[in-house]
Amino acid sequence: MIRAVRPAVSLEEAFRSGLPVVTCEIASGDGADPADVIRRARLVRDHVDAVNVPDNTAGVAHMAAWAAAALVAREGVDPIMHVTCRDRNRLALQSDLLGAAAMGVRNILCLTGDHMVHGDHPDAKPVFDLDSLQLVHLATLMRRGRYLSGREIEPAPDLFPGATENPFAPPYDFRPLRLQKKVEAGARFIQTQITFNVRRFSEFMGRVRDLGLDQKVPILAGVAPLRSARAARYMRERVPGMEVPEAVVRRMEQAGGERARREDEGIRICVEIIEQLREVPGLAGFHLMPIHWEEAVAEISARARLRPARSLAAGAKEDGTPDDRIEATRDSLIGGTREQRA
Amino acid sequence: MSIPVPAPVRGFFRRHTALTRALEILVRPIEALSKKAVFGCKMCGQCILHETGMTCPMGCPKTLRNGPCGGVRMDGRCEVLPEMMCVWVKAERRSRWLPWRGAILKIQPALDWSRKGSSAWVNVLAGRRGKETS
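From first to last, the protein sequence lines stand for chains A and B. Note that our numbering gives residue 158 to position 158 of the first sequence, counting from 1, and the numbers run on in steps of one. Heads up, our numbering is the position in the second sequence plus 342, with the first residue counted as 1.
Pulled out of the complex, with its shape left as it was, chain B reads as follows (with noise of 0.2 Å):
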């Protein structure tokens, strides 16, 4: 994730394991039950909504997170479900209105599974990070 955050408090929370872990247990329902409501978050543990015209890319049963694939149906509609808008076409569209909308054309690397179910804010608070690709 692009969002800065202090190297200091980095430290703190990577530090005081068992205090992150208890913020872990406090802050994970709250953020799924605001982010699943709002953007359909799936939990990934690796959030890149603001990367993706707060579009969450989890909810593309290809899970694609680098844009579309090339099965979008001509109505913009999913192929493999044909009853929801394409999760990129949707992005796309929001990404433009954002002050930040070059940020879609960041290449995201590859998801850390093992991190799927956690919390995304408290791992950047505590500097958790994905794989950056060189």
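So here's chain A without its partners, still in its complex pose (with noise of 0.2 Å):
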């Protein structure tokens, strides 16, 4: 029998460690050669747990992302394939998944999807015939073994499927409920947007950890490095629902012109993010969106000292560090995942 490609250690294996997790987005191919991915893979690779593929990023034409994805595959690091609904029907969303799981990709990054005014191709007919909630639904109901028709998956694929959610973005105070939504859909992991607010970010916490979500799911935040005053501006203005205070613009923007300063500025900011999200309680760990700068990625690991779970759980039992601490960790994060397995 053909065998899938898989990672030494997958996501959920880095999830149920109980150990803080990264991951990392990287570029999409945006061209036939599959070089561009695999170099862009190799560069965060031994930082991370695993790596993002996104789709059509902000409605520009990519590499399909299952293509992409399985390309990281390969390279011996586990990849999170994101699927947007903006392009594809159920049915093509369906036989994505299945091709995907054939390639040896299961972690599934359900997305609703940038709208495509903000891309390249805003003549394109909107799709969305689902919505990001429904995918994730119809993700765990192919791996329960059944098309949304209804019928049989023989055999069914192993996916792993997430979720996002935007606390910087009205309305503000359904945003854990909306996360809550997901989770009872059968999301798996949740991947933040871009933290640059800690305070607003830090308030959603609370009542995520109210709702006790932090319990039921692995939650990343967010994090990402800017490169220079001019990139933050167009994130503040022109990217919808992301938020960059003035005071991280002023900064970058008192960094100057020259290269190795702003961007060691960039990088900077990043890591105090970092650092301070580290003080909020029911995170499982940081995803890193470096947003076409993969090389800042080993730099930003070294100064937040962000290990990936797999290193450190090899790590530890090299050591001799008990494994009962892991362990409590482990069921304190299992607990919610193994009830939405059953």
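Please note that the accuracy of each hint is not assured.
[Stated by the list, open to error] Listed next, with one range per pair, are the computed distances between beta-carbon atoms: (1) B:M396 / A:N89: 23 to 33 Å; (2) A:R144 / B:R363: 50 to 60 Å; (3) A:E203 / B:R357: 51 to 61 Å; (4) A:E152 / B:R443: 32 to 42 Å; (5) B:P371 / A:A92: 29 to 39 Å; (6) B:P371 / A:R233: 43 to 53 Å; (7) A:S149 / B:K458: 35 to 45 Å.
[Said to hold, decoys possible] With a cut-off of at most 25 Å between alpha-carbon atoms, the simulated DSS-like pairs for lysine-lysine come out as follows: (8) B:K458 / A:K125; (9) B:K384 / B:K458; (10) B:K448 / B:K377; (11) A:K125 / B:K384; (12) A:K125 / B:K378; (13) B:K377 / B:K432; (14) B:K432 / B:K458; (15) B:K432 / B:K384; (16) B:K458 / B:K377.
I should point out that these hints are in silico values taken from the structure, not numbers from a laboratory. Every residue gets a Cβ at the ideal spot worked out from N, C-alpha and C, and that includes glycine.
If you follow the hints, you should be able to join the two separate chains into one complex; please do so.
Below, the structure written as structure tokens:
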């Protein structure tokens, strides 16, 4: 039997270790050459537990996410394939999920998708046949061996569906509840939008903890390094749903135009945010979004002392660290996921 | 839809298909006109207005029925149509005034697009429901 490529340690196993998990998004291929995707994957693979592969980010046409994710899987790191509802109806979504599973891609991040008006094909027909929550439900259904039509899937794909939440977009009070809906629909992990406003993120997590969601699914806080003041202003003004506080933009402006200095300041801000987020209870780790700047990941990991859970788990065993601590955190983390699996 | 219609009524309309069709012809324009004027109805045929804070989710450019997308602007406006308030910002605000405010947390199943343009009222009477999430 032909077997799909499997990473040494999967994202699910990393979560199960109970140790802080690190994931990172890479830019998807902007041409037919697989070398571009492979190069980006290699830049980050030693620092993370899984690599996110976007699906036509911001509505700009790129290489298919399943193909890029399969390339990432071949590099020995577990891919997380983004699946958006913008470009495909329920038939295409189901066939893509099956195809991805056959290529060794089982982590799928269910997204609504940026609207095409912001992309390079604003004249395209919007699909949005399902929404992100219905997609989470669909993946869960397929995992249990059924198509949306009710027909049986044999064998069922062993999918590990995740979802996102954006704590920085209104209606703020509804965001934790929407997260709860996604968890109820079957989401097994959560990655958030990029955090620059730690206070707002902290308020969001407070509500999430009140709902007990941090006990049910691992939540990874999104963080990103800024590269220039221009990028900061662009994000604030042109990327809907992004909150970049004035103080952050000002710091990037003060860093000046010299490349080394502004890039250093961007990484410093990112590391500071990671340190602040470490104080927020209920987080299972971090999700890096370097936005075409994968070279920065090694530097951020070193400065913020971020290590993938898989390396820590291996290290703990070598050092003879008692496994009890790992076991305890592991139990608190998978309590909910085990329940969901039932 | 969660509006309870007695089984005998549903059965009656199911059996008398010609009558149901006639009712559809009669009711559809009334429903379309009234709901369009008040709620901006798009006649999806599977009305969930009462569960989304009396705000039609089909007015969302992404036709999201389970909550807002992540692209809502800081001032609560739509990322696609900045001149419009986000449908879900309105829905969430309005739902607070409803005695059944918890209905907004219900997971809405995928839309049955084959029913677009038909009368949701007649569909309810005839017990033609969308697929329920399991």
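Hint says 43 to 53 Å; check whether the CB-CB distance for B:P371 and A:R233 agrees. Between B:P371 and A:R233, where Cβ atoms are some 51 Å apart, the hint holds.
B:M396 and A:N89, beta-carbon distance inside 23 to 33 Å? 29 Å Cβ-Cβ, so the 23 to 33 Å window holds.
May I ask you to test the hint 29 to 39 Å on the CB atoms belonging to B:P371 and A:A92? The hint (29 to 39 Å, Cβ to Cβ) holds, given that B:P371 and A:A92 are roughly 35 Å apart.
Does the structure keep B:K448 and B:K377 at a Cα separation of 25 Å or less? OK: B:K448 and B:K377 at ~22 Å, within 25 Å.
Distance restraint evaluation - A:R144, B:R363, Cβ atoms, bounds 50 to 60 Å: violated (38 Å)
Do the alpha carbons of B:K377 and B:K432 lie within 25 Å of each other, as the hint requires? holds (17 Å)
Please test the hint of 51 to 61 Å on the beta carbon pair from A:E203 and B:R357. holds (55 Å)
Do the alpha carbons of B:K432 and B:K458 lie within 25 Å of each other, as the hint requires? holds (24 Å)
Does the Cβ-Cβ separation between A:S149 and B:K458 fall within 35 to 45 Å? Distance hint for A:S149, B:K458 is violated at roughly 19 Å.
Check the hint pairing B:K432 with B:K384 against an upper bound of 25 Å on the C-alpha distance. The given pair, whose Cα atoms are some 17 Å apart, holds under the 25 Å limit.
Given the hinted pair A:K125 and B:K384, is their Cα-Cα distance within 25 Å? holds (18 Å)
Looking only at beta-carbon atoms, does the pair A:E152, B:R443 fall within the given range of 32 to 42 Å? Taking Cβ atoms as reference, A:E152 and B:R443 lie about 39 Å apart, which means the hint holds.
This entry does not satisfy hints 2 and 7, going by the numbered hints stated previously.
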